[in-house]
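Asker: Next come the chains, spelled out residue by residue.
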Amino acid sequence: MSDLKNVFDIAGRSMAAEMVRLNTVASNIANAGARAGSAEEAFRPLRPVFQSVFEGGLRNAERATVDVLKVVELDREPQRVHEPGHPLADEEGFVYVAAVDTNEEMVDMLEASRHYQNNLEVVTTLRTLMMRTVDMGKS
Amino acid sequence: MNALKEHISFQASALSLRERRNTMLASNIANASTPGYKARDMDFEREMSRQVGESPVSTTKARHLDSLAGTGGDAVQYRQPLNPSLDGNTVELSVEQMEFSENTLRYMTTLTFLNRRISGLMTAIRGE
Chain A
109 MSDLKNVFDI AGRSMAAEMV RLNTVASNIA NAGARAGSAE EAFRPLRPVF QSVFEGGLRN
169 AERATVDVLK VVELDREPQR VHEPGHPLAD EEGFVYVAAV DTNEEMVDML EASRHYQNNL
229 EVVTTLRTLM MRTVDMGKS
Chain B
31 MNALKEHISF QASALSLRER RNTMLASNIA NASTPGYKAR DMDFEREMSR QVGESPVSTT
91 KARHLDSLAG TGGDAVQYRQ PLNPSLDGNT VELSVEQMEF SENTLRYMTT LTFLNRRISG
151 LMTAIRGE
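Chains as they are written, first to last, in the working numbering: chain A, 109 to 247; chain B, 31 to 158.
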C-alpha cells in the first residue's frame, strides 16, 4: 500500500475507485435482461465496497483517500420467467433473468461520474496553485 | 538574514496552512461516496494564531493563562453535517466545494501578498 503524500495520491486513488464503480455499473447494465438456464448461473449485480484509507492508518490523520476493498455480487434472486422457446430454458420451460435494476444502475452511474468529475476538478485547481507557487518571486 | 525571514514568515506559514487545509478538503471530496466517512476540517484562524503564538484573548501579564492552552490546541475537527446521510457519511459536496473554492482563493491571495513582499525586498536590494 503506497502512502499518501499529496493531492495527486488522494484524488487519483479516489478516481480509480470511482472508475471501478463505473465499470461494475457498465457490467450490470450490459447484463440487464440476460437469461440463464438455472438460478445459479444467472448474472448477479456487482457492487464495489469502498473503504477509507487514512494516512499512516490513523483514523484522525489529515489525509485520507478511498480504495475498493472488494467487488461483491448482490444476493438478489434472478427472476424466473416462462419462455419455453428459449434455447436455455430448463425442462419446465423456465429461464432465469438477471435481477438488474436499470434505474438503480443509472443513478449509481451518475453519482460515480459526478464524483469522478469533482476529483478531477480538485486536481486541476490544485495543480494550477502549485504551478503558481513554483513561480513565486518571479513576477 | 533574520529580518528578511520575519518579513515573509507570516504569509509563508499562512500559505502552508492553506495548503494543508486544501489537502484536507480534497480528502473529504475524495471520500464523498465512502460509507461511514466523517468529513474533517481545520479551524484556520485558530491554527494560524497558534502557529504565530498569538492567542485570541490578549494577555498583559506573564502569569495570565493562554486561552488556547487548555483546549488541546487541536484545530482539526469533524464537520457537523447539515443533512446527515443514512450510510454515516458526513461529506456534503455543496459545503466541501464552497469551502474548497474559498480556500483556493485565499491561497491565491496569500501567494499574491507573498509575491509583493518578495518583489518589495528585491527592489530594496537592487536599490533602483
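Treat the hints as calculated values from the structure; they're not laboratory data.
From the three backbone atoms N, C-alpha and C, an ideal C-beta is built for every residue, glycine too.
Accuracy of the hints is not assured; some may be wrong.
[Said to hold, decoys possible] Restraint-style ranges between C-beta atoms, simulated for each label pair:
#1 A:K178 to B:L151: 53 to 61 Å
#2 A:H190 to B:S124: 24 to 32 Å
#3 B:M128 to A:K178: 30 to 38 Å
#4 B:M138 to A:V157: 25 to 33 Å
#5 A:G145 to B:R109: 45 to 53 Å
#6 A:M238 to B:S115: 31 to 39 Å
#7 B:N32 to A:V157: 26 to 34 Å
#8 B:L116 to A:L218: 16 to 24 Å
Asker: Looking at the structure, which of the earlier hints fail to hold?
Answerer: 2, 4 and 7
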